[in-house]
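Engineer: Construct all of the structure, not just a fragment, from the sequences and the given hints.
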Amino acid sequence: MKGLILAGGRGTRLRPITHTGPKQLVPVANKPVLEYAIEDLKEAGITEIGIVLGNLGREAIQEHLGDGTDYGVEITYIIQGNPLGLAHAAGCAEEFVGDDDFVMYLGDNILEGGVTDLVESFEAGDHAAGIALQRVENPQQFGVADVDEDGTVKELVEKPDDPPSNLALIGIYVFSPAIFDAIATLEPSWRGELEITDAIQSLLDDGRSIDSAIVEGWWKDTGKPEDVLEANRLVLEDALGTVNGTIEDGADITGQVDVAEGAIIEDGAVVRGPVSIGEDVRITADTYLGPYTSIGAGSTIESAHVENTVVAGNATIRTSVKIVDSLIGESATIDTADDLLPEGKRLVVGENSQLKL
1 MKGLILAGGR GTRLRPITHT GPKQLVPVAN KPVLEYAIED LKEAGITEIG IVLGNLGREA
61 IQEHLGDGTD YGVEITYIIQ GNPLGLAHAA GCAEEFVGDD DFVMYLGDNI LEGGVTDLVE
121 SFEAGDHAAG IALQRVENPQ QFGVADVDED GTVKELVEKP DDPPSNLALI GIYVFSPAIF
181 DAIATLEPSW RGELEITDAI QSLLDDGRSI DSAIVEGWWK DTGKPEDVLE ANRLVLEDAL
241 GTVNGTIEDG ADITGQVDVA EGAIIEDGAV VRGPVSIGED VRITADTYLG PYTSIGAGST
301 IESAHVENTV VAGNATIRTS VKIVDSLIGE SATIDTADDL LPEGKRLVVG ENSQLKL
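The sequence shown maps to residues 1 to 357 in full-length UniProt numbering.
Hint data in this document are derived by calculation from the structure and do not stem from the laboratory. Backbone N, C-alpha and C fix where the C-beta goes; we use that ideal spot for every residue, glycine too. Heads up, some of the hints might be wrong.
[Claimed, not checked] For lysine to aspartate or glutamate, the following DMTMM-like pairs were computed, each having C-alpha atoms within a straight-line distance of at most 25 Å:
| # | residue 1 | residue 2 |
| --- | --- | --- |
| 1 | Lys159 | Asp221 |
| 2 | Lys2 | Glu94 |
| 3 | Lys154 | Glu137 |
| 4 | Lys2 | Glu63 |
| 5 | Lys322 | Glu230 |
| 6 | Lys224 | Glu237 |
| 7 | Lys31 | Glu226 |
| 8 | Lys31 | Asp227 |
| 9 | Lys31 | Glu43 |
| 10 | Lys31 | Glu63 |
| 11 | Lys2 | Asp70 |
| 12 | Lys2 | Glu39 |
| 13 | Lys31 | Asp117 |
| 14 | Lys31 | Glu74 |
| 15 | Lys2 | Glu120 |
| 16 | Lys31 | Glu216 |
| 17 | Lys31 | Asp280 |
| 18 | Lys159 | Asp146 |
| 19 | Lys42 | Glu63 |
| 20 | Lys42 | Glu95 |
| 21 | Lys322 | Asp286 |
| 22 | Lys42 | Asp70 |
| 23 | Lys42 | Asp100 |
| 24 | Lys224 | Glu307 |
| 25 | Lys2 | Asp221 |
| 26 | Lys31 | Asp238 |
[What the hints assert, rightly or not] Computed Cβ-Cβ distance ranges for the label pairs, DEER-style:
| # | residue 1 | residue 2 | range |
| --- | --- | --- | --- |
| 27 | Glu95 | Gly250 | 57 to 67 Å |
| 28 | Gly81 | Glu43 | 26 to 36 Å |
| 29 | Asp148 | Gly81 | 36 to 46 Å |
| 30 | Glu39 | Gly262 | 20 to 30 Å |
| 31 | Asp126 | Glu155 | 13 to 23 Å |
| 32 | Lys224 | Ala124 | 27 to 37 Å |
| 33 | Asp335 | Asp162 | 52 to 62 Å |
| 34 | Ala124 | Arg318 | 53 to 63 Å |
| 35 | Thr152 | Glu248 | 56 to 66 Å |
| 36 | Asp205 | Gly113 | 26 to 36 Å |
| 37 | Ser209 | Lys322 | 48 to 58 Å |
Structural biologist: Shown next, in the form of C-alpha cells:
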C-alpha cells in the first residue's frame, strides 16, 4: 500500500502566514503539520509516499522534506498545479499509485490515533474504498456518512439539512485503484471542483463496498489560526517534557517543558508548561511563557509575556504587551511601542513582519 498526502491548498484562511509559505509547514508543537501525516503513514507500515503539490509553496515543501530519507520513507512529488478539488488531486497521482491500494491524507490534518485502524479495517475486507469518520455536533457542516452496524457505508451526503448520522468525513481515505475510474466520470461541482465524495458515491452506486473506521481520539483540520492553536494545545498535552537544552538556576519551571538542544532558559524566566522550546531559542530573564506555547528554533523571547501562542522559527519578541492566543510567523519581529496599544493583544503575524506593540 502507498500513501498520498495532499499539500496543494492555498491556505487562504491562514493569511497572512500563508502569503509567503504553504500552510502544511505551519508548525504545531514545533513540528510542521505535514510531518504528522508522514509519521502516521509510516506507523501504518506505509513508506512509499506521494505528495501532491500546488502552485504555492511547492519549493519550500520539497526543500524541507527532501526525498524522505530523514523520515524513513521514500517521497515522490506530484504536481497538481491549481487546486481543482480533492478528486482532481487524487487523479493526478494515478501513475504514482499504479495498481496499488493507497491512503489519501489531507496534509493539514492532525489526528491523535493515526491511520492504522483504518488501513487494517480496509485490508480485512473486499472494499473499493475506506473512509475515516468522526462523530461531530454539527454534521450539517460536513460531508456525512450513513453506515450500517458493520461499518459499511450506505450513503454519503454533503452538508445535509437533515443528516442521516453525526458521522463526518475528516479527510482521510483508503482507496483501491477503482477510484480512478470513478474520478474519470466526474463533472465539476457547483464549486467548480471534482469532489471526492462524488467519486466515492459513484463507487457505491456501482455496488462497490465502502468501509469506514470511526476516529475516537481528537482530530483537527488546521485551516484557521484558532485551529492551529487548538492542535498545538492538544499535541502539547501529550508531550513528555524532554530537556536537552539549558535551564539556568533561578529559572522558574512548572509542568511539562520540552527544551531542545542549544536552547537556554535564563535565570529569572518563568515557564508554565506544557511548552515546547525549539533549538537555539533564548528565553531571557523577566520573560513569562504561559501554558500551550511553542517557540520555534532560533527565536528570542526577551522580557515578554507570551501564552497559548505558536511562534515560528527565528522570531524576536521583546515587548511589554501581553501576547495571547496568537500565531507569529517565521522571522517576525515584535518590539515595544509603549503607550500606543492596550495590553492583551491577539495577533496573527506573517513571515518577516516587523511590529511594534
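Engineer: Indicate, hint by hint, whether the structure satisfies it.
Structural biologist: To see whether the hints hold, each was checked on the structure:
{"no.": "1", "hint": "Lys159 / Asp221", "verdict": "holds (17 Å)"}
{"no.": "2", "hint": "Lys2 / Glu94", "verdict": "holds (12 Å)"}
{"no.": "3", "hint": "Lys154 / Glu137", "verdict": "holds (21 Å)"}
{"no.": "4", "hint": "Lys2 / Glu63", "verdict": "holds (22 Å)"}
{"no.": "5", "hint": "Lys322 / Glu230", "verdict": "holds (19 Å)"}
{"no.": "6", "hint": "Lys224 / Glu237", "verdict": "holds (20 Å)"}
{"no.": "7", "hint": "Lys31 / Glu226", "verdict": "holds (17 Å)"}
{"no.": "8", "hint": "Lys31 / Asp227", "verdict": "holds (15 Å)"}
{"no.": "9", "hint": "Lys31 / Glu43", "verdict": "holds (17 Å)"}
{"no.": "10", "hint": "Lys31 / Glu63", "verdict": "holds (15 Å)"}
{"no.": "11", "hint": "Lys2 / Asp70", "verdict": "holds (18 Å)"}
{"no.": "12", "hint": "Lys2 / Glu39", "verdict": "holds (14 Å)"}
{"no.": "13", "hint": "Lys31 / Asp117", "verdict": "holds (24 Å)"}
{"no.": "14", "hint": "Lys31 / Glu74", "verdict": "holds (19 Å)"}
{"no.": "15", "hint": "Lys2 / Glu120", "verdict": "holds (14 Å)"}
{"no.": "16", "hint": "Lys31 / Glu216", "verdict": "holds (23 Å)"}
{"no.": "17", "hint": "Lys31 / Asp280", "verdict": "holds (15 Å)"}
{"no.": "18", "hint": "Lys159 / Asp146", "verdict": "holds (13 Å)"}
{"no.": "19", "hint": "Lys42 / Glu63", "verdict": "holds (20 Å)"}
{"no.": "20", "hint": "Lys42 / Glu95", "verdict": "holds (21 Å)"}
{"no.": "21", "hint": "Lys322 / Asp286", "verdict": "holds (13 Å)"}
{"no.": "22", "hint": "Lys42 / Asp70", "verdict": "holds (12 Å)"}
{"no.": "23", "hint": "Lys42 / Asp100", "verdict": "holds (16 Å)"}
{"no.": "24", "hint": "Lys224 / Glu307", "verdict": "holds (18 Å)"}
{"no.": "25", "hint": "Lys2 / Asp221", "verdict": "holds (22 Å)"}
{"no.": "26", "hint": "Lys31 / Asp238", "verdict": "holds (14 Å)"}
{"no.": "27", "hint": "Glu95 / Gly250: 57 to 67 Å", "verdict": "holds (60 Å)"}
{"no.": "28", "hint": "Gly81 / Glu43: 26 to 36 Å", "verdict": "holds (31 Å)"}
{"no.": "29", "hint": "Asp148 / Gly81: 36 to 46 Å", "verdict": "holds (39 Å)"}
{"no.": "30", "hint": "Glu39 / Gly262: 20 to 30 Å", "verdict": "holds (24 Å)"}
{"no.": "31", "hint": "Asp126 / Glu155: 13 to 23 Å", "verdict": "holds (20 Å)"}
{"no.": "32", "hint": "Lys224 / Ala124: 27 to 37 Å", "verdict": "holds (36 Å)"}
{"no.": "33", "hint": "Asp335 / Asp162: 52 to 62 Å", "verdict": "holds (54 Å)"}
{"no.": "34", "hint": "Ala124 / Arg318: 53 to 63 Å", "verdict": "holds (56 Å)"}
{"no.": "35", "hint": "Thr152 / Glu248: 56 to 66 Å", "verdict": "holds (59 Å)"}
{"no.": "36", "hint": "Asp205 / Gly113: 26 to 36 Å", "verdict": "holds (31 Å)"}
{"no.": "37", "hint": "Ser209 / Lys322: 48 to 58 Å", "verdict": "holds (55 Å)"}
Hint compliance for this structure: every hint is met.
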